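A.B. asks: Sequences and hints are given; from them, build the entire structure.
The listed protein sequences derive, respectively, from chains F and R.
Quick note, in the UniProt record's numbering, the first sequence goes up one by one and the last residue is 261.
Quick note, in the UniProt record's numbering, the second sequence goes up one by one and the last residue is 260.
Don't take every hint at face value.
As the list claims (entries may be wrong) - Covered stretches of chain F (in silico footprint by chain R; criterion: 3 or more residues with CB under 8 Å from a CB of chain R, positions within the stretch not fixed):
#1 185-194
#2 203-210
As the list claims (entries may be wrong) - Residues from chain F that face chain R, not an exhaustive set, calculated with beta carbons under 8 Å:
#3 Arg9
#4 Gly43
#5 Asp94
#6 Val181
#7 Ala233
#8 Ile249
#9 Arg254
#10 Leu255
To be clear, the hints were calculated from the coordinates, so they are not data collected in a lab.
Note that the structure is predicted; figures quoted are calculated from it, not measured.
All residues carry an ideal CB built from backbone N, CA and C; glycine is no exception.
As a plain string of letters, each chain reads:
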Amino acid sequence: MTAPLLVARDLRCSFTSGGRHVAALDGVSLTIAPGETLGLVGGSGCGKSTLARVLTRLIAPEGGSVTFMSDDWLALGGNRLRAARRHMQMVFQDPLAAFNPRATVGGVIADALRIHAVVPGAVRSKEVARLIDRVGLPSALLGRSIRDISGGQRQRVAIARAIAVRPRLIILDEAVSALDVSVRGRILDLLVGLQRETGVAYLFISHDLAVVRAVSQRIAVMAAGRIVEEGPAAGVIAAPSSSVLVDLIGAVPRLNGIPPS
Amino acid sequence: MTTLAAIDGLTVTYRRAPAPALSGLSLDIEAGEILAIIGESGSGKSTLARAIAGLLPEKTTIAGRLTWPGLDGAPRAGRDIGYVFQDPGSSLNPVLTIGEQVGEGARRHLGLDRRAAVAEAVRLLARVHLPEPQRIARAYPHQLSGGQRQRVAIAAAIAARPRLLIADEVTSALDVLVQAAIVDLLVELVRADGMTLVFVTHDLALASGIADRVAVMAEGRLVELGPTAEVVGAPRAVETAALVAAHIDLSSPPLVGEAS
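C.D. replies: Below you can see the structure in the form of structure tokens.
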């Protein structure tokens with residue numbers, strides 16, 4: 001048994017909405033092992049995106065702890081935080097909102113390599129070319145503006161940027177939810193292939209249980225700011241114990257089937 | 001079966017676009033059916049829906065014929081055709097109460113006075129299964145969730161009792177739980193009122209659960225049309241076969257093995 005890559009304990013976070021106090025995270029604990037995919041599934045407003053933002057330190061929790069690569073992740077600052085951040089990357093649903101809109105495809109990837117000094121400057125452009133090829137994009141795209149490529153191509157660029165710095169963990173928040181189904185399938189294949197090659201771990205967040213099941217070794221189900229069940233993917237789906245998972249299973253559209261009711 | 005609308009050789013080219021968004025499309029919409037229009041981004045499915053509803057922008061070049069044998073004359077937007085958009089956040093007026101905008105169709109098209117229109121709005125909000133319809137009628141769009149807003153948009157679209165309801169990617173912005181409930185609601189409403197439903201989506205599986213017929217579009221063309229079970233079970237067009245192959249559900253083979 002190897003040491004876990006990330007351990008979150010009793011994370012708490014709340015917002016005030018319309019005068020009411022809402023607990024977005026109500027004591028969330030989870031563990032991610034090196035090289036595995038933990039799927040996190042739940043309906044809108046269950047707190048899954050808040051969890052992603054707390055783990056990536058975009059927002060600070062009110063309580064709880066996160067250990068990442070054996071460091072007290074929430075206490076890290078300065079140079080040590082900058083160095084550790086490289087190992088936790090994030091891919092969002094809407095890649096356009098995640099990029100500087102004036103950037104070029106090649107510039108986005110080169111910036112990541114430069115900021116984290118992943119490779120010597122002299123071989124940087126060669127590494128950019130290798131990465132763009134690895135995510136299945138033609139090198140002709142390198143000079144294009146990030147705005148002028150399709151949504152599926154943009155998500156490949158976001159993945160290339162994330163893997164460029166050779167992270168240990170990538171958090172994918174609804175990363176394939178806005179894509180056409182044919183593009184979605186190819187992006188999932190790409191993610192699984194990259195994991196086999198590099199041993200990167202994924203926290204794969206989605207409301208779509210069928211997609212989560214396809215790529216995850218383990219699944220955690222979230223509702224109202226809590227993780228209500230967790231376990232190996234097939235086992236959890238075969239024997240759901242929470243009402244939200246029963247509902248999520250029932251809501252997966254089946255080809256030619258009878259609509260869920 | 002009666003034909004509600006007959007589309008013959010419809011070609012639509014947007015202003016300054018290098019190529020048509022729809023090319024020579026012919027299709028009959030039968031009265032009372034649920035017709036799904038399926039396709040990926042850029043296939044022309046929303047252009048077709050907008051052309052049927054007469055919602056294409058000015059200066060769009062339209063060739064071909066669209067006739068309405070099932071109606072007495074040309075359809076009146078909002079009266080004969082109700083339209084529900086993908087994003088209810090931008091299709092609802094942020095400064096009108098829910099009651100006012102749902103009642104507007106009934107006021108304008110059914111000649112109800114203000115009080116009667118508000119009462120009708122409350123009845124419609126109850127019909128789309130919104131809890132506490134009296135309270136919601138006094139609320140503004142930003143006070144509701146995405147799923148609730150989409151129910152409001154559906155209530156507004158059916159207010160004038162249209163013959164045809166067009167639902168254009170109405171569940172794409174919603175999570176799967178809310179999606180299933182909205183689809184159930186649409187089916188319940190069109191079956192109860194004998195409405196015709198044109199259901200536009202990129203999700204073939206979602207459509208296959210409710211549609212009588214499926215029209216598959218790719219690159220501005222209709223590539224396959226037929227009864228749902230035939231199109232899904234034995235696709236003839238390569239584009240349809242690709243959509244079937246890309247479908248992922250709980251019986252699809254996982255892409256990864258479980259941790260040892």
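A.B. asks: Next, verify each hint and record whether it holds.
C.D. replies: Comparing the hints with the structure gives:
1. With a cut-off of 8 Å between beta carbons, the stretch 185-194 of chain F has 4 residues touching chain R; three or more are needed, and the interface restraint holds.
2. Residues of the stretch 203-210 of chain F with a Cβ under 8 Å from some Cβ of chain R number 4, which satisfies the need for three, so the listed coverage holds.
3. Look at Arg9 of chain F: its Cβ only gets to about 21 Å from chain R, farther than 8 Å, so that hint breaks.
4. Because the closest C-beta pair between Gly43 of chain F and chain R is about 5 Å apart, less than 8 Å, the hint holds.
5. Of the supplied interface hints, the one on Asp94 of chain F is violated, with its beta-carbon coming no nearer than about 12 Å to a beta-carbon of chain R, more than 8 Å.
6. Evaluation of the Val181 of chain F hint against chain R yields a held restraint, the C-beta minimum of about 4 Å falling below 8 Å.
7. A cut of 8 Å between beta carbons decides the hint on Ala233 of chain F: the least distance to chain R is about 6 Å, and the hint holds.
8. Annotation: interface hint on Ile249 of chain F holds; nearest CB of chain R at approximately 7 Å, less than 8 Å.
9. With a least beta-carbon distance of about 5 Å to chain R, the hint placing Arg254 of chain F at the interface is held under the 8 Å criterion.
10. Of the supplied interface hints, the one on Leu255 of chain F holds, with its beta-carbon coming within about 5 Å of a beta-carbon of chain R, less than 8 Å.
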